[in-house]
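For chain A, the structure is supplied; the task is to place chain B on it using the hints.
There are 2 protein chains.
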Amino acid sequence: MDIDKIINDIISEILKYIKPTKEEYEKLLGIYEFVRDRIAKCIEGHFAEITLQGSVAKDTFIRGESDIDIFVLFNPTKYEDKWFEENFLPKIVNCFKEFKSIIQYAAHPYITLYVDGVEVNIVPAYKVSSPQQIKSAVDRTPFHTSYINSKLSERQKDEVRVFKYLLKSWNIYGAEIETRGFSGYLTELLIVAYGSLSELLKAATTWIPFKTCIDIEKYYPSTRDCLRKFRRSVFIVVDPVDKERNVAAAVSLKSFSIFKLLASAFLRKPTIELFSSAPRETLDTQELVNLVNKRSEDINSCILGIEYEVLNKVPDIVWGQLRRAERVLRNVLKSYGEKYIYIDTWLSKDLQKAIIFIEILGCKNKYHLHIGPPAYETINALNFIIKNSDAIVGPWIEENGRLYCLRRKRYDYATIIRNALENINLTALKMTKIISDDELDLLPLNDNEFRVWFTEFLMRKKISKLGKIPILKL
Amino acid sequence: MDIDKIINDIISEILKYIKPTKEEYEKLLGIYEFVRDRIAKCIEGHFAEITLQGSVAKDTFIRGESDIDIFVLFNPTKYEDKWFEENFLPKIVNCFKEFKSIIQYAAHPYITLYVDGVEVNIVPAYKVSSPQQIKSAVDRTPFHTSYINSKLSERQKDEVRVFKYLLKSWNIYGAEIETRGFSGYLTELLIVAYGSLSELLKAATTWIPFKTCIDIEKYYPSTRDCLRKFRRSVFIVVDPVDKERNVAAAVSLKSFSIFKLLASAFLRKPTIELFSSAPRETLDTQELVNLVNKRSEDINSCILGIEYEVLNKVPDIVWGQLRRAERVLRNVLKSYGEKYIYIDTWLSKDLQKAIIFIEILGCKNKYHLHIGPPAYETINALNFIIKNSDAIVGPWIEENGRLYCLRRKRYDYATIIRNALENINLTALKMTKIISDDELDLLPLNDNEFRVWFTEFLMRKKISKLGKIPILKL
Numbered sequence: 001m002d003i004d005k006i007i008n009d010i011i012s013e014i015l016k017y018i019k020p021t022k023e024e025y026e027k028l029l030g031i032y033e034f035v036r037d038r039i040a041k042c043i044e045g046h047f048a049e050i051t052l053q054g055s056v057a058k059d060t061f062i063r064g065e066s067d068i069d070i071f072v073l074f075n076p077t078k079y080e081d082k083w084f085e086e087n088f089l090p091k092i093v094n095c096f097k098e099f100k101s102i103i104q105y106a107a108h109p110y111i112t113l114y115v116d117g118v119e120v121n122i123v124p125a126y127k128v129s130s131p132q133q134i135k136s137a138v139d140r141t142p143f144h145t146s147y148i149n150s151k152l153s154e155r156q157k158d159e160v161r162v163f164k165y166l167l168k169s170w171n172i173y174g175a176e177i178e179t180r181g182f183s184g185y186l187t188e189l190l191i192v193a194y195g196s197l198s199e200l201l202k203a204a205t206t207w208i209p210f211k212t213c214i215d216i217e218k219y220y221p222s223t224r225d226c227l228r229k230f231r232r233s234v235f236i237v238v239d240p241v242d243k244e245r246n247v248a249a250a251v252s253l254k255s256f257s258i259f260k261l262l263a264s265a266f267l268r269k270p271t272i273e274l275f276s277s278a279p280r281e282t283l284d285t286q287e288l289v290n291l292v293n294k295r296s297e298d299i300n301s302c303i304l305g306i307e308y309e310v311l312n313k314v315p316d317i318v319w320g321q322l323r324r325a326e327r328v329l330r331n332v333l334k335s336y337g338e339k340y341i342y343i344d345t346w347l348s349k350d351l352q353k354a355i356i357f358i359e360i361l362g363c364k365n366k367y368h369l370h371i372g373p374p375a376y377e378t379i380n381a382l383n384f385i386i387k388n389s390d391a392i393v394g395p396w397i398e399e400n401g402r403l404y405c406l407r408r409k410r411y412d413y414a415t416i417i418r419n420a421l422e423n424i425n426l427t428a429l430k431m432t433k434i435i436s437d438d439e440l441d442l443l444p445l446n447d448n449e450f451r452v453w454f455t456e457f458l459m460r461k462k463i464s465k466l467g468k469i470p471i472l473k474l
Numbered sequence: 001m002d003i004d005k006i007i008n009d010i011i012s013e014i015l016k017y018i019k020p021t022k023e024e025y026e027k028l029l030g031i032y033e034f035v036r037d038r039i040a041k042c043i044e045g046h047f048a049e050i051t052l053q054g055s056v057a058k059d060t061f062i063r064g065e066s067d068i069d070i071f072v073l074f075n076p077t078k079y080e081d082k083w084f085e086e087n088f089l090p091k092i093v094n095c096f097k098e099f100k101s102i103i104q105y106a107a108h109p110y111i112t113l114y115v116d117g118v119e120v121n122i123v124p125a126y127k128v129s130s131p132q133q134i135k136s137a138v139d140r141t142p143f144h145t146s147y148i149n150s151k152l153s154e155r156q157k158d159e160v161r162v163f164k165y166l167l168k169s170w171n172i173y174g175a176e177i178e179t180r181g182f183s184g185y186l187t188e189l190l191i192v193a194y195g196s197l198s199e200l201l202k203a204a205t206t207w208i209p210f211k212t213c214i215d216i217e218k219y220y221p222s223t224r225d226c227l228r229k230f231r232r233s234v235f236i237v238v239d240p241v242d243k244e245r246n247v248a249a250a251v252s253l254k255s256f257s258i259f260k261l262l263a264s265a266f267l268r269k270p271t272i273e274l275f276s277s278a279p280r281e282t283l284d285t286q287e288l289v290n291l292v293n294k295r296s297e298d299i300n301s302c303i304l305g306i307e308y309e310v311l312n313k314v315p316d317i318v319w320g321q322l323r324r325a326e327r328v329l330r331n332v333l334k335s336y337g338e339k340y341i342y343i344d345t346w347l348s349k350d351l352q353k354a355i356i357f358i359e360i361l362g363c364k365n366k367y368h369l370h371i372g373p374p375a376y377e378t379i380n381a382l383n384f385i386i387k388n389s390d391a392i393v394g395p396w397i398e399e400n401g402r403l404y405c406l407r408r409k410r411y412d413y414a415t416i417i418r419n420a421l422e423n424i425n426l427t428a429l430k431m432t433k434i435i436s437d438d439e440l441d442l443l444p445l446n447d448n449e450f451r452v453w454f455t456e457f458l459m460r461k462k463i464s465k466l467g468k469i470p471i472l473k474l
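Just so you know, the protein sequences line up as chains A and B, in that order.
Using the numbering used here, you'd call the opening residue of the first sequence number 1 and step up by one each time.
Using the numbering used here, you'd call the opening residue of the second sequence number 1 and step up by one each time.
Calculated directly from the structure, the hints in this document are not laboratory data.
Misleading hints may appear alongside valid ones.
Identical chains share a label here; the pair holds if one copy fits it or two copies do between them.
Claimed, not checked - For lysine to any residue, the following SDA-like pairs were computed, each having C-alpha atoms within a straight-line distance of at most 25 Å: (1) 353 - 331; (2) 269 - 390; (3) 27 - 14; (4) 387 - 205.
Predicted model only: the values in this text are computed from it and were never measured.
Chain A extracted, bound-state conformation:
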């Protein structure tokens, strides 16, 4: 049987569940028109245009998962950012005062309204005649919307939906710092670039990190030129609307790798099962406690939790600081010779509390293997020997010419961690405590969402599903 046929059957099957219904379209359109008309009245004479943007405007959204993005465009010669903040935002909030509203300050301020259970984002922006004239990143959005609408057929938009759904299932959808995955616009461009999901998946299996440039409008004479321009990017998709911009800049090596694996697994054995990530068996409180204790006994590992109160509840700011803290901790622990560390962070749904968890393998060993320089690099080698001449064992020279020694561990992990974190300025976070693995009762084990997360932290079984698809034989 033809692989494209199988894939198309799967796409059709998925679409039954995720393609928005006629009722949903009507409801969203109704809300849009209602909000648009009220904005128009509310700031009459000020705006240049009120437009629908985002996945509703592009019709690439998934059933039940759409926000409505309304961009209110202003003449850039007449209005300034200051006016948005001081006049536009308060006026809009006031005009919609029967609805719940939140003023969001990310890179650019906007308002989120909750109308009939739907999130409506009202974003002030400038109306410019070309992407080269934008004053801020949001001004680019209308150009993205036009580009996608001019390129994608209805069928392709359906394939975008399926693609987004696949990425969501594996937690690699979204460019936010928490995920560092594929943004909505990126998914759309990839379907533009390859024409269909099936061709995209085939191409993805050949992508090489730091070596792949997808340049739909052929702005760069060669892949080499493109790679030179976006040197440090894992993955490059040149924005058709702005050749200086890599739409895939946020994609991490991990997200990139997961997508490649997914693509390969799917092509080997196309199955609808890959549209959900591994079913997590969630452990109950007692099972989690037992697992941590057993782990500690079996591999001398320890698990530490660094608990924070979240002061600034903007997700990208919180996640940015949490990931930075993770990196610092990883580096500091490595500098102490701890080679096998696993770090991940749980952030409560209400953004009140974060806990960075670290598992250090072998942390309960009393000695520590220090790996020195090659003994024939004499200056470094002598320094290592002098520094470690009081080691418990060695320094000795291995057959490979390298120096090693075993030293007694003289440090306390909590102190190392505390010192490391004191040196970085985490304005959005306030450390409340360091929880060791004999204080598990301090963890929010009553919170089901936490237990789900903590089970995955301990088991890390998510991608193993790719190895368990039935009849997936190589």
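Relative to chain A, chain B alone:
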């Protein structure tokens, strides 16, 4: 104070202890003349020449440590190897029957006589007019002797003695497989090349493994040509007598590194203390048992001993096979994911028994960290995921994009070792048992020489002396 002056003072001091006395010279010469004359009578009419070779002939030996090497040269057109074995050896043994004698079969057969407490080696060889015409490696020896005698002054010969003594102190003197260090001829050539010990030490600090070629007679137009010729050699000293031969071919990366370290340490702080390797504190039986137990508790390590009965007592053959077994064990254990292994072998002085000891760090951990391929190398990655989908933890993807998992160890070290060693043909050895660290009573702990060795196996403190020389500040 001038460094060369300090070094010369140290050399003078060392020479007081190691330069042969007049009495020793007279005794050795007397023995040589006695043996020579008797050989001449014994095989009258057969030989072409009887000559003194080796370190006595070159006068580069250390007090009390000399063998006498007597080469009996034959006309290559009249005699064959077969004649040496069938006629020469029995005749000589018979002529010296009041002395203890051993017929040695290494690459070339020869006789060792014990005369007045001195080892006298009687080696049959061919008299050839140039090194290009040699029939076996021993025929080259007379050319080496002439070369060294034509190049070294008396003072330089004294420096060779000091150099040899330094290398002996650190167990890197001798080209045998056990040591893989610097042969006597190599030490002499290095003094020829650099003129003095002090210049040699200075040069040694700049040597780079696999990149250093010392070509005294400038046979090769450039270092590059020389390196190309001796591609896999850690260290290259072209034989002035045969440009195809690397006199330093036996030098291991470890011996090379130790010498470089010694040279650097000595130049930073020239001291006579470096002329003996770290004073070993030898532990007694109970201390050794305690140390092994403590090690096992503190770092989950285990120590295994593989005991052999030695069948063929030629040291280079035994050591060759023991080192091969070490390499096989190291590779097999690595293939099981054991990254931190320390292996060394004890061979009893009487060559009756050998024990290969292995310390495996973390071997008592019940899980095992498997490091997989990068997740973006999709084919390998999927194979890893499929193979390890039943792992206890993972497979998961780290920030670096690589796959990891923790698996329960399902193997028994003794079985792995037994299987690995069954597959290699060790003709000189017969395995008698595998000793685990709860059977230490099976070790020869009553043998003082073993305890010295086993203490060093456990402590590995030898080179740490280089970091402990007083006032050795960087």
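Quiz item: Which hints, by number, does the structure contradict?
Solution: Violated hints: none; all satisfied.
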